[in-house]
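Enquirer: Line order of the protein sequences matches chains H and Z. Take 0 as the starting number for the first sequence in numbering that gives the first Met the number 0 and just add one per residue. Take 0 as the starting number for the second sequence in numbering that gives the first Met the number 0 and just add one per residue.
In case anyone wonders, no lab produced these hints; they're calculated from the structure. Just so you know, not all the hints are guaranteed correct.
Since copy identity is lost for identical chains, a pair holds within one copy or between any two.
[Stated by the list, open to error] Only pairs whose alpha carbons sit at most 27 Å apart, straight line, appear in this in silico DSS-like list of lysine-lysine:
1) K473 to K443
2) K279 to K235
3) K105 to K285
4) K19 to K288
5) K105 to K288
6) K283 to K105
7) K235 to K283
8) K288 to K20
9) K501 to K532
10) K500 to K473
There are 2 protein chains.
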Amino acid sequence: MDTTQASSQAPVWNGRRNEKKRRLEALGKLANGRVIPTNRIVEALEILIAPGDRVVLEGNNQKQADFLSRALARVNPGKLHDLHMIMPSVGRPEHLDLFERGIARKLDFSFSGPQSLRISQLLEDDLLEIGAIHTYIELYARLFVDLIPNVALVAAYKADRHGNLYTGPSTEDTPPIVEAAAFKDGIVIAQVNELVEDESELPRVDIPGSWVDFVVVADQPFFIEPLFTRDPRLIKPVHVLMAMMAIRGIYERHQVQSLNHGLGFNTAAIELLLPTYGEKLGLKGKICKHWTLNPHPTLIPAIESGWVESVHCFGGELGMEEYIRARPDVFFTGADGSLRSNRAYCQMAGQYAVDMFIGSTLQMDADGHSSTVTRGRIAGFGGAPNMGHDPRGRRHATPAWLDLLQTDNPLERGKKLVVQMVETYQPGDKPTFVESLDAIDVAKAASMPLAPVMVYGDDVTHVLTEEGIAYLYKARSLEERREMIAAVAGVTPIGMRHDPKKTSEMRRQGLIALPEDLGVDRAEATRSQLAAKSIAELVEWSDGLYNPPARFRSW
Amino acid sequence: MDTTQASSQAPVWNGRRNEKKRRLEALGKLANGRVIPTNRIVEALEILIAPGDRVVLEGNNQKQADFLSRALARVNPGKLHDLHMIMPSVGRPEHLDLFERGIARKLDFSFSGPQSLRISQLLEDDLLEIGAIHTYIELYARLFVDLIPNVALVAAYKADRHGNLYTGPSTEDTPPIVEAAAFKDGIVIAQVNELVEDESELPRVDIPGSWVDFVVVADQPFFIEPLFTRDPRLIKPVHVLMAMMAIRGIYERHQVQSLNHGLGFNTAAIELLLPTYGEKLGLKGKICKHWTLNPHPTLIPAIESGWVESVHCFGGELGMEEYIRARPDVFFTGADGSLRSNRAYCQMAGQYAVDMFIGSTLQMDADGHSSTVTRGRIAGFGGAPNMGHDPRGRRHATPAWLDLLQTDNPLERGKKLVVQMVETYQPGDKPTFVESLDAIDVAKAASMPLAPVMVYGDDVTHVLTEEGIAYLYKARSLEERREMIAAVAGVTPIGMRHDPKKTSEMRRQGLIALPEDLGVDRAEATRSQLAAKSIAELVEWSDGLYNPPARFRSW
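Excised from the complex, chain H in its bound form (with noise of 0.2 Å):
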């Protein structure tokens, strides 16, 4: 669009609008008012859709808008091509036959766990151009900006025939994607499980009908993953001699209140402490009060322990539907009793409202970046970079941020605790300390500007593995940093540079510390200090209100 006033023609301002009444116009009886036939939808997408459009679609952690992104790989390429996909997360198959079948060329992303490697082969067949590899809450900041959607296609449990959606526990990632589609005249699609004739038929409204064009009854409710439920069974003792010394070392030392975990067997294990080896501690109420965070089932015996205040959540997840709605002082529930999730905001409480996040990676290199990018695989990291860094931008000051101030001056700032908890071996005798990410070899084949660094080294404040800790943000220099990680790495190549004669003054000035300076007896560490050793322990915490998914289930 050419809106110079030298022009010859006068320049046009609602081109946008324009084009999306045409399109609306185009559509003619195929919707019924605002209802697309479940039958139709490959019709209407090759005529609300053009080639060459950006078209966000909420594939994210968990929900997918799964009967969209396989209708859209049904439509004829030779009318509907070029598409630039913005997608949170990659996850399914016919996310990547849009690209295989040419509907589809360019792709900015989050996440792509299963569909990683796949990724990579569309790359070297020339078949896909990666925008970006984001994380979450930087693509939707994007979608105002730069990448602002044609379409989006999102999905919902419940629509009224007006539009109301209600997407409940699921509401995820839904409202910035069509914010920016329905206030920039995009064309909003939402897939849904259910049909109803008006919002009193509705449990609540989550996006109201007016930024909605169209809704379609999906042929099967959409596709959703229990993506944060780890199994007790699964934590070894390494992991509870890990849990022990994070809660002493770092939860106890720092005074952490507010937090956030990642979804490894590491925290689930420290979840799973808090009512026993915390409660001995003291601790109850002075640690661990405000979460943002998935509703992990193993985080159940600690909130039924009174540990927990508040959890705000990212998304919902499978079985914990009736728990979240008989616990609202806990989390946070609409009128009709379902959790409200809110990526969006629960990453911005994650970055500028928390103590600490702690994570796990599968490489970190000597410096203590860290990735888990590995050779052929493009990944993305979802939320982790958000949350696993210091935002510099905050403001306020709590007991943990400002005990990471290391001089008086009054100028200095605290910090967020961002700790990285890995074994020294991954699973397969994979050294996770290396000379080099495998990061970096990945962006050179594949062209990338950047290496997809997860957390960057100088981020990272504390180093937590089977060996010690490793208080970083005590580093007086890009050496001692240094020194302080091989003093933790084990016996990985990394680990190997550390002069074990120079362990004791390490201890002593406090750089690193060993289970025995945290008072952590290895002997105490088994499984049975764990608050609940399976997913039947989870639901008997419940109450039997927890209802794990099929897969989860041994009895």
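Following the hints, position chain Z against chain H.
Expert: For chain Z alone, kept in the frame of chain H given last:
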């Protein structure tokens, strides 16, 4: 609430829900459905709020829930006391009457322009306790973590009897404030200028009725201020000079395509030079395409000349309504045609999605730390610290961001441009560059845990004065950063530290640039370069669509 299993009483999990129910029942027939009669609002607040409650009051940058704040200031302090007020902006006298009258005790806030002096006094008189001073987005984030509200008091243009709200151009802070209360069994009360029967009479729905408990028609339309209107008549030749330097030495050099502007005359001058000086340099379509910004009237000539692809807004601006309605390709608008602003998303975008933040300050020290807090005034910073730092969770690259790379280390990241644009002296002959920020003394006097620094020195990439530009991101040491700042600090005490013998070497190394190094001719820096020299000319550019408030009219 004690939810310990060991406790003798059964744990309570729906305390907030029961308490909400109790209050709604206590209100009885005072409300007619969801509508509270205007003349009974004080009575209603005394019933719906309880002593010690956390109350979020929507006083934001422009829009004020002033009917509700005036009503709250009139409640009986015997009934309602010790409130913990959470307010994005403390802008009105009655906001502090709450503390003087003993109704409120604690305050968490972001910005307090005109009331900053009185906050200091109340603090000194021990009538007010400050929780913390936040950036906007940080404050919203805490509403979901450790500052979960009991009551939210907000403002909208219109509501229907079901509680659906039309916030239109002034949506601003309303969504996160309402969400945090509505989904944690808080009570949401909205004052509106107009009540209609049902949704069909609302232009659109911005907040669904199922999130809102009560609406009340205000005694007069909510107070709103045109804070972002700068009269071009007040732009001086020195602003034009600095704007020319910015365009050549920063925007063009780094290819800045997405950005936020502060509200000073310096940046207004840049906006007004794009269609003249910028055009002459052939930069149209190459820089300044995507904006996160309130709808500045001084941006009209650049928009009309085809420079601006998109603007996402924090809030609205009085007088810009019809202009925005006629430019939907540029602004975010609803199906009804009016602006949709959203401060949370725009701050998120201003943090994560733009190449550059450029703003101003009142004081900067030798290390580049800056603050607008001066003696006796506790002002807060609104959004500046959030946008004025390098967001380290960012993982996408743009030309400007990559241009700040200093090495070819594959693990080095690019940087967001954070530009401070200041004259070396403030009006009244006060030096901008000072030995020590007043903020340090203010913090000491008020026993604040942190000095209220707006932008920290290590976050600033460029300092631009009438003397020249210091490219701080190139500094290889703190010492070098100091020298670069001193070199452009004029005849201030800090500037006097500069050794003029070093100037040419610093210019040669590209550490600093003087106007002549940038090809900027001082003689050309006249007001004649401005695309509009008055508000009347802005109206002309807008084809009569911009309708400036009376105080800006001289005709």
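Enquirer: Take the hints in turn and mark each one as holding or not.
Expert: Evaluated hints:
no.: 1; hint: K473 to K443; result: between (33 Å within a copy, 26 Å between copies)
no.: 2; hint: K279 to K235; result: within (21 Å within a copy, 68 Å between copies)
no.: 3; hint: K105 to K285; result: between (49 Å within a copy, 22 Å between copies)
no.: 4; hint: K19 to K288; result: between (48 Å within a copy, 23 Å between copies)
no.: 5; hint: K105 to K288; result: between (43 Å within a copy, 21 Å between copies)
no.: 6; hint: K283 to K105; result: between (50 Å within a copy, 26 Å between copies)
no.: 7; hint: K235 to K283; result: within (24 Å within a copy, 61 Å between copies)
no.: 8; hint: K288 to K20; result: between (50 Å within a copy, 25 Å between copies)
no.: 9; hint: K501 to K532; result: neither (39 Å within a copy, 69 Å between copies)
no.: 10; hint: K500 to K473; result: within (20 Å within a copy, 39 Å between copies)
Consistency note: the structure conflicts with earlier hint 9 alone.
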